[in-house]
Amino acid sequence: MMRHIFSLLMENESGALSRVAGLFSARGYNIESLSVAPTEDATLSRMTIVTTGSADVIEQILKQLDKLIDVVRVVNLTEGVHIERELMMVKVSTSEGDADEIMRLTDIFRGKIIDVSDDTYTIELTGDGAKLDAFLQALDRNLIVETVRTGASGIGRGSRILNP
Amino acid sequence: MELTGAEIAIRCLREEGVEHVFGYPGGAVLDIYDAIFRQDKVRHVLVRHEQAAAHAADGYARATGKVGVCLVTSGPGVTNAVTGIATAYMDSIPMVILSGQVPVPAIGQDAFQEVDTVGITRPCVKHNILVKDVNDLAPAIKKAFHIASTGRPGPVLVDIPKDVSQKKTEFSYPSGIQLRSYQPATKAEPDMLRQVVQVIMSARRPMIYSGGGVILSNASEELTRFAKLLHFPVTNTLMGLGAFPATDSQFVGMPGMHGTYEANMAMQNCDVLIGIGARFDDRVIGNPAHFFDASRKIIHIDIDPTSISKRVPVDLPVVGHVKDVLKQLLSLLDASREKPDPGVLQDWWNQIELWRSRDCLKFDRAAEVIKPQLVVDTLYQVTSGDAIVTSDVGQHQMWAAQFYKFDRPRRWINSGGLGTMGVGLPYAMGVQTAFPDETVVCITGEASIQMCIQELSTCRQYRLPIKIVNLNNRYMGMVRQWQEFFYGNRYAESYVDALPDFVKLAESYGHVGMRIDKPSDVEGALKEAFKLKDRLVFMDFITDQTENVYPMVPSGKGMSEMILV
Ligand SMILES: Cc1ncc(C[n+]2csc(CCOP(=O)(O)OP(=O)(O)O)c2C)c(N)n1
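Note that the protein sequences, when read in sequence, are chains D and Z. One point on numbering: in our numbering, the residue at position 19 of the first sequence is 23, and numbering is uninterrupted. One point on numbering: in our numbering, the residue at position 47 of the second sequence is 48, and numbering is uninterrupted.
This is chain D alone, in the form it adopts within the complex (with noise of 0.2 Å):
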């Protein structure tokens, strides 16, 4: 079972993600996560999905995208050099806790606090999923109040372009 990403164009159309999202509970394959968002242009969505499953399952799941109508184009990222993106955000309780050894955290990890309440930090973090987690696991679990994960943004290295 190994970790893959789905980079996908798709017809920005309604009911464009149900196929996709149908396809993998139809067909019992793992959302790890998806998330999608329009392009520069407007009639296209980019979609990253991350799976898990066997070899002969990430060749099926390649195929079964790439057969749906309004999938332009699929390419499966973890199979050359790209780069993986997620932003985090969040929300720590500055009550109890101390809030300079937050801040200290935050800046090592390069985060970024982007509100501040009586109690609260908001903090803002992008990187791949391994450091979203490790700064997590540095945090005192006590201390956080909310977590909002976008799931990966991938894209491929220099030359390797998904183009319509």
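Note that these hints are calculated values from the structure, not bench results. No experiment lies behind these values; they were computed from the predicted model shown. Positions of the beta carbon are idealized from the N, C-alpha and C atoms, including for glycine.
Listed next, with one range per pair, are the computed distances between beta-carbon atoms:
#, chain 1, residue 1, chain 2, residue 2, range
1, Z, GLU508, D, ALA30, 40 to 48 Å
2, Z, ASP111, D, GLY162, 46 to 54 Å
3, Z, PRO314, D, SER37, 25 to 33 Å
4, D, ASP137, Z, SER337, 55 to 63 Å
5, D, SER37, Z, ARG39, 51 to 59 Å
6, D, ASP137, Z, ASP283, 35 to 43 Å
7, D, SER37, Z, ARG491, 45 to 53 Å
With chain D's structure known, arrange chain Z with the ligand on it following the hints.
Coordinates of chain Z with the ligand only, in the frame set by chain D:
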């Protein structure tokens, strides 16, 4: 000129060359029905249940190769049609379904007869489109026909809200269509094909395993030339029957769960297996692990990449349109200096003949009760093998596949992938509508036929002279057989009690009914029925209650682990 959406829908059908639409009216499609009423190019066939509309359109497509079309209303109209859509989807049948929908502003309001049609049908269509603007309607229908009929075919649904069918716009039908997200493969890569030819020429125990894809791509001629040139044995799957002539000596019968001994043994023991437009499904291959106990090279030609290496790993994958690929292979073989040598296959053929001599389809021809096999065999003789045969699902389907020898494609119409009881009669309606002068026979069972029995009324209205051969064993025979073999003879709910008098039933619909309960009457009855050229005849054959279909590969077993008579 400006047309309403409803008029546009019908004009689009005309542009696509559609002659028949199978359907059932309702609130959301009343404008479309009104448009049908006001023209006479597209003919509408009114069924008695939307399931039958989908099946009839599907049967029409299977027999003609054209896109079948059905029209249903929103809500229950669509949900009734879903079984028919799923049936077509599983067998890759080109079909366009037009469904009515509540008006756009009412969508999501739980309006009267609203269902999320696009959501409900998504997993069982090749594609579907909800049209929210009348200007998008003609392009959507164009797209639907294009997608349904190209690549690996399949049903495409176009959902038309009532207000869209009422709004007006300028009509022009798009002449061509180019979809950046959909470009099905046609020809295969030449390099791969050269490897394929090498492997083919080196085979000593070759086997051609061809499926429904050969029929869908109209490649029977190419397949036959290919097999003849190489003198290779051929098996056709349930969906592929007729692609290679069943009466040819190179044909070894159908493979799979109820395939012939020789076909299954040859599949298991060959050294090169050439799968063509077939998908190695569980009813054919049985247990894949057992299949791989034997080693062989597998060549797989298919238009759908997802079918390749899905259930069994393939050595030489060839993605392409079966017809084009076979043409490419034929020209490579024709051009090759090395000529096929039937001599090197002699041992293999001797082995196959030995398997064949096992006579795995034998049955008691002198029995006192009517053997179902005898009926199909006699039907084959009486119709000179020239009928288009539809079937339902169960034992009778298997006997029809085993005993009616199809020499041509598109003459055996049945539900393979979904195995839908109830298809037989509506399939026959679709076929007979397309070919009014052909002999159309529906082989069915007393349980299956009752699933769409109301269609006898449609047959009466349109004077469809279908011949129904009911193999009446008073059991859901296929269920009973499994209960006998695998559930200790506990026949739970498989006895079909309280049967109607089918003769009277047929008569009440205005048809001819016959009841046959003696083996000696079988031939005479069939002959008499086929003389009634312009009538539907319902032949109720009272058959042996406990007959089983042999050979049988129990599920989970390997292809060569057959139960034989
Ligand atoms: C719609 C549907 N429901 C249930 C089944 C399961 N099933 C498969 S064969 C069969 C019995 C068919 O009985 P009959 O039509 O009398 O044919 P026979 O097997 O006796 O020839 C059943 C219930 C099915 N295939 N389709």
